[in-house]
Each structure stands twice: as structure tokens, then as C-alpha cells.
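Chain by chain, the residues run as shown.
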Amino acid sequence: MPSHLSQPALAPGAHYLSGNEAAAEGALAAGCGFYAGYPITPSSEIMERLAARLPQHGGVFLQMEDEIASLSAVIGAAWAGKKALTATSGPGLSLMQECLGYAAFTETPCVLIDVQRAGPCTGQATKVGAGDIMAAKWGSHGDYQVVALSPWSAQEMFDLTVRAFNWAERLRLPAILLAEEAVGHLRERVDIPQSVDTYQRGYTPGAPPFGHPEPGGVPSMPRFGQGEALMITGSTHDERGFRRTEDPAAHAALVHRLNHKVLARAGELCQTEGHFLEDASLVVLAYGFTARAALKAVKLARRQGVKAGLLRLVTLWPFPEEAVAQALARGARLLVPEMNLGQVAGLARQVVGPGLVRPLSQVDGRHITPATILGALLEMAP
Amino acid sequence: MTRALDQYLRTEVKATPFCPGCGHGVLLGLILRAIEGAGLDPRQMLFVSGIGCAAWIPSPNFRADTLHTLHGRALAFATGAKAANPGLKVMVVSGDGDLSSIGGNHLIHAARRGLEMTVVCANNQIYGMTGGQAAPTTPLGAATATTPAGNPFRPFDLCRLVRAAGAAYVARGAVTRPYELMDYIAQGLQRPGFSFIEALSPCPTQAGRRQGLDSPAALYDDLSRRCLARRELAGDAELPPGAWELGSWCGDDN
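So the sequences go chain by chain: A and B.
In terms of my numbering, the first sequence opens at residue 1 and continues consecutively.
In terms of my numbering, the second sequence opens at residue 383 and continues consecutively.
In case anyone wonders, no lab produced these hints; they're calculated from the structure.
All of these numbers come straight from a predicted model, not from anything done at the bench.
You may find that some hints are simply not true.
Claimed, not checked - Covered by chain B, according to a simulated footprint, are these stretches of chain A (three or more residues, beta-carbon under 8 Å): (1) 60-67; (2) 228-239.
What the hints assert, rightly or not - One side only, chain A facing chain B, incomplete, derived with CB under 10 Å: (3) Leu71; (4) Ser72; (5) Ala73; (6) Ile75; (7) Gly76; (8) Trp79; (9) Ala80; (10) Gly81; (11) Glu98; (12) Cys99; (13) Arg223; (14) Phe224; (15) Val262; (16) Gly267; (17) Cys270; (18) Arg333.
Cβ coordinates follow ideal geometry from the N, Cα and C atoms, glycine included.
Turn these sequences into a full structure, and let the hints guide you.
So this is what it looks like as C-alpha cells:
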């Protein structure tokens with residue numbers, strides 16, 4: 001794997017940063033050389049920091065006319081050879097959906113940071129929500145895959161932004177950091193490492209840019225100006241890029257390959273974190289900012305003799321089915337607190353069946369407190 | 383037999399995608415000749431297009447980097463590519479509906495931003511690929527699939543629009559006057575900044591047949607009659623109804 005160690009732009013050591021600032025630094029550390037975006041609360045600090053920082057590090061910053069143009073420009077820049085990023089929030093994610101599908105279908109590496117706010121629609125722009133989980137995966141039409149990661153700290157806004165870039169580049173797809181307002185605006189200690197592992201694109205001159213001999217193989221990633229005479233199209237195409245808009249086999253093969261490329265790596269992609277799971281009969285399944293409250297609630301429940309544990313999802317897409325199934329294998333029941341009406345709870349039900357999953361939904365623009373989760377755990381306790 | 387332009391074409395692409403009488407095939411050749419005439423090699427360039435008949439002029443026909451994007455978004459993709467690598471020579475080729483309706487916002491902002499690229503807008507005044515619906519360039523009163531009683535709305539004057547948005551070079555030509563049009567494209571390629579060439583290109587299949595001009599010859603004759611070169615117009619004389627003013631405008635004229 002063409003991976004190498006890169007030095008972060010920020011001096012190694014402890015820094016006091018907001019999650020959004022940390023994400024911008026993570027992008028720089030990952031080798032991001034291009035940002036295009038459109039201002040939107042509560043993500044704008046990412047854009048503002050990169051407007052200042054990217055040009056200092058040889059990168060290009062563009063403010064575009066809207067979110068559609070932003071992800072369009074990111075895709076153009078990716079094919080011009082840059083690691084490229086945009087950041088937005090729910091309304092912008094809605095506008096970016098056509099480009100997300102284009103990036104998935106043309107295998108364009110790019111990173112999208114969605115700092116989620118309370119939706120639907122304009123909703124409460126400054127308030128927290130986690131209602132974009134399904135939109136991140138299913139918002140564009142057709143069957144495709146993305147990688148989506150869920151940070152629970154300012155530190156992970158840095159770390160997972162780096163990881164999102166690495167997955168995007170390695171698998172040639174759009175990777176999404178599904179952050180939340182509460183993490184984006186959280187200001188806490190971030191330890192900048194001496195170096196980070198970064199992935200450099202693989203390019204084999206003359207190799208087909210949209211095909212690979214191995215079933216789950218990732219094609220060579222050329223860029224404009226190499227004399228490859230690239231044909232990039234959002235229409236169904238063959239391994240060279242010729243449009244194949246009336247060939248049933250070509251369409252089926254492409255859709256299956258692009259999905260298989262990701263799902264075949266689910267084991268490596270699906271990252272989770274367990275806390276007190278060994279003897280847990282009640283497992284809180286949580287992600288993002290809510291997982292912080294869940295961990296506190298689990299510790300408080302244990303003080304009261306309730307055998308609670310936490311399964312934290314770091315990867316949301318592809319959905320970590322194995323880890324969820326394993327948590328239930330010990331006969332536990334699941335509590336799923338989330339700032340939406342049960343989007344991940346529904347996924348958990350698909351894995352373990354409806355009877356064992358209790359959703360704990362809150363959609364009032366406020367984060368879920370440890371006390372709320374503790375209350376639910378005590379109710380469920382035998 | 384080797385033809386002069388074959389070196390710039392993917393000759394393995396056998397059939398033209400364009401209908402009999404469509405102006406886009408003529409425009410395809412004019413673009414390549416203009417690039418050559420400007421001292422450039424099309425094979426070293428990046429061609430970005432949107433969705434629609436005109437988007438198929440470069441993709442996949444040109445033996446060059448071609449980026450066939452989403453409907454309306456060609457200029458935003460091109461902006462990202464050009465900003466990321468200013469060394470790329472970028473041309474956008476797309477249609478009037480793509481560039482000025484669904485992509486209208488990107489058009490005026492690309493002109494305002496002024497990044498160097500040349501846009502060739504093939505204007506057939508209709509949505510051809512989808513079956514002949516009205517475009518924002520369809521003439522007032524024209525019958526289309528979605529305006530059977532005649533288009534009730536005025537069309538855009540694309541050149542005035544793009545000039546007002548700050549383009550460095552704007553021109554309007556027609557495939558019925560190929561040498562002029564070729565010269566406009568070559569001029570645009572040699573300007574620093576954003577250049578825009580509107581290329582009038584008739585659509586017999588979807589526009590002409592609903593407008594009493596159902597043979598390509600009739601449609602070409604009609605377009606020829608309507609085209610008036612800027613220098614043929616006396617002073618500030620009003621353009622006759624239905625006429626096109628052909629010519630070029632530099633940023634300084636605005």
C-alpha cells in the first residue's frame with residue numbers, strides 16, 4: 001500500500017482547538033491540497049481556517065456560488081491531482097447529493113465533512129442534530145457506497161479527517177465525516193502527533209482507470225494532463241471510460257463492482273469501540289457526541305449495580321453489522337440514544353431483530369444528557 | 383484514408399451521435415480547427431462538458447482528457463480543475479439549456495470569477511436530447527414540446543448576460559458562417575481570463591420540425607437570413623425581430 005508518514009502542518013503536541021478547527025488541521029495533515037465550499041452554520045469555521053491555512057501550505061482555496069458547485073469543483077480538483085475537501089451542514093448535504101452520486105460512480109476520491117444541525121430543512125441552524133445518517137448513504141439515487149465516520153471528540157475531528165482522506169484515496173470514493181454541531185464547536189485538548197499515516201494515490205500509466213482484474217480491486221488513479229486521454233463520465237462506462245448506456249451487462253457489472261469494492265472490505269472499514277461489554281446485559285449503542293453521554297451513563301449505571309456497556313460506532317457506513325450482532329450474542333438488549341428518530345436504531349433492528357432494540361430519540365436541537373440515558377437504562381434493568 | 387482531424391479524434395468511436403442536419407458535427411470540426419489555428423494541440427487540453435447533445439461534442443470524440451459531468455455543472459467542475467492545476471488549458475463545451483438554465487448560476491459566477499477558460503455554448507434554442515422542450519433560449523412564440531401554443535417567455539441574450547457578468551471575451555457566431563465562428567473560438571482561446579463563444583447551431587429534429595422548418599436546408603437558410611454581423615448593423619440601429627447580432631466583444635467594451 002503506497003502509504004507514507006507525513007508531518008502535520010501544526011506543531012506536534014497539545015493544542016486547544018474546536019472540533020471544526022481540528023478537522024481543518026486534520027485535512028492539512030492528510031495532504032489536502034484543495035478546498036471548495038459555501039458558508040453554512042455550523043461548519044463555517046472549517047472553511048474559514050482553511051481559507052487562511054491552505055494557501056500557506058501550497059493548497060488552493062475557493063469559495064463557490066453554492067454547495068453543488070462546491071462538490072463539483074472538488075471533483076474537478078481531485079482529477080487534477082489534488083486531495084480535495086468540502087465541508088457543509090444538512091441543507092448543503094441535500095444540494096451535494098447529485099455530486100456524491102457522481103463521485104461514487106466515477107470513483108473520484110474526495111472528502112465531505114458534514115457538521116450536522118437540527119433538520120429537516122433549514123431547521124435550527126445553530127442547534128445540534130444527527131439526522132443526516134441516512135441522507136449520507138442513501139441521498140443520491142441508485143445503489144452506491146460511501147464511507148462515513150462519526151467523531152466524538154475534537155481529537156477525532158483531527159484523527160478521523162485524516163482517516164477519511166485515506167479511505168477516500170485508497171478506495172477512490174467519497175468519504176464523509178459525519179460530525180455534529182456539538183463536536184464541531186466543542187473546544188478541548190487535541191494532541192497533534194509527530195506524524196500521520198497518509199495514503200498516496202496509486203497510478204500505473206496506461207492502466208484502465210475504471211476497472212481492475214481483481215473483483216474488489218481499486219483501479220489506477222490518473223490525473224488530467226498525463227497524456228492518458230481520460231474519459232470520465234457519470235454515464236455507465238466500461239473500464240476505459242467509454243459510455244455504455246444501453247448495455248445491460250455493463251451497467252450491472254459496474255454497479256456490482258463499485259458496491260463490492262467497499263463491502264468486501266467491511267471488516268477493515270468498520271471500526272467500533274467497546275466499553276464494559278464483557279459482562280454487559282444492557283448495551284448502549286451510540287456514536288458521535290451522544291456516545292460521550294452514553295459512556296458517562298454506563299459508568300453511573302454500573303455504580304447502581306446495572307451491568308451496562310457501550311458499543312461506540314466510529315464507522316457508520318458501511319454499517320458495522322458484525323460488531324452489533326456480537327454485542328447481542330451474549331443475550332444483551334440494546335439501547336440506542338440518538339439525535340434523530342431512530343435512524344441507527346432501525347439499522348440495529350435489521351441486524352438483531354426488532355424485539356431487542358430500544359430507541360431513545362431526541363430531536364429538540366439539544367444534545368442527549370447522561371441523565372436521560374441513565375434513566376432509560378434503569379427502566380430497562382431487570 | 384486519413385483525414386486531417388483524425389489525429390485529434392478517437393477514431394475507434396465509429397458513428398456520430400448527432401442527428402442528420404444537426405449543426406453540432408460542424409461545430410465539432412470547427413472547434414478542433416480553431417484550437418489548431420490558435421497554435422494549440424487539443425490532445426494536451428482538458429474538455430469539460432455537461433449533459434445534452436452538445437456535451438457529446440468532446441466526449442468521447444476528442445482524443446484528450448474529457449470530463450463529462452452532471453447536467454449544468456460543467457463550469458463548476460472546470461473551475462475546480464483549473465484552480466487546482468492552472469497549467470491545464472481548459473475548454474468547456476455544452477449546450478444552451480445546460481449552461482444557461484440549470485447551470486445559469488455557475489455561468490455568471492464563472493464569468494465573474496474570471497478564471498481562464500474558454501466556453502463554447504452550442505445554442506440550438508431547444509432541449510434536443512430530451513425531446514424538444516423549451517429552453518431559456520427558445521424564441522418568444524416558438525412552438526416546442528412544452529409550449530405547444532408558442533413560448534410565452536422571452537429568451538436570454540446569452541452574450542449580453544455573460545458580458546454583464548464580467549467575461550473577458552464574448553462572441554456570437556453561427557455554424558452557417560464557419561470561418562467567423564472558428565476565428566471567434568481561436569480568439570477566445572488566446573485571451574487570458576474567461577471567454578465565451580455562443581455558437582448558433584440548428585436542430586432540425588427537435589426544433590425545426592415543430593417550427594415549419596423541417597428540412598435541415600430550410601433551417602440553415604433561415605438561420606443564415608437571421609444572422610447579421612455586427613459590422614453590417616448601422617450604428618445603434620435596432621436589431622430586426624428574430625435577427626441575431628454576430629460579432630465579438632472584449633472586456634474593455636463592456
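Status of the hints after comparison with the structure:
Counting residues of the stretch 60-67 of chain A whose C-beta sits closer than 8 Å to any C-beta of chain B gives 5, which meets the bar of three, so the coverage hint holds. Here the stretch 228-239 of chain A counts 8 residues with a CB under 8 Å from a CB of chain B, which clears the bar of 3, and the coverage holds. Below 10 Å, beta-carbon pairs count as interface contacts, and Leu71(A) has one with chain B at about 8 Å; its hint therefore holds. For Ser72(A), the suggested interface contact is upheld, since its CB lies about 3 Å from the closest CB of chain B, less than 10 Å.
Taking 10 Å as the C-beta cut-off, the interface hint given for Ala73(A) holds, the closest approach to chain B being about 3 Å. Proximity of Ile75(A) to chain B holds as hinted, the smallest CB-CB distance being about 6 Å (cut-off 10 Å). Below 10 Å, beta-carbon pairs count as interface contacts, and Gly76(A) has one with chain B at about 3 Å; its hint therefore holds. Because the beta carbon of Trp79(A) sits about 6 Å from the nearest beta carbon in chain B, less than 10 Å, this interface hint is met.
The interface hint given for Ala80(A) is met, as the beta carbon of that residue sits about 4 Å from the closest beta carbon of chain B, less than 10 Å. Using the Cβ-Cβ criterion of 10 Å, the hint placing Gly81(A) at the interface with chain B is satisfied: the shortest such distance is roughly 6 Å. Given hint, Glu98(A) at the interface with chain B, holds; its Cβ is 6 Å from that chain's nearest Cβ, closer than 10 Å. With its C-beta approaching chain B no nearer than about 7 Å, Cys99(A) sits inside the 10 Å limit, and its interface hint holds.
Restraint check, Arg223(A) versus chain B: the minimum CB separation of about 8 Å is within 10 Å; hint holds. The closest approach between the C-beta of Phe224(A) and any C-beta of chain B is roughly 5 Å, which is under the 10 Å cut-off, so the hint is satisfied. For Val262(A), the interface hint is violated, the least distance from its beta-carbon to any beta-carbon of chain B being 22 Å, above 10 Å. Because the smallest distance between the Cβ of Gly267(A) and any Cβ of chain B comes to about 33 Å, over 10 Å, the interface hint for this residue is violated.
Interface hint status for Cys270(A): violated, as the beta-carbon distance to the closest one in chain B is roughly 31 Å, over 10 Å. Against a cut-off of 10 Å between C-beta atoms, the interface hint on Arg333(A) is violated, since the closest Cβ of chain B lies about 45 Å away.
Of the numbered hints listed earlier, those contradicted by the structure are 15, 16, 17 and 18.
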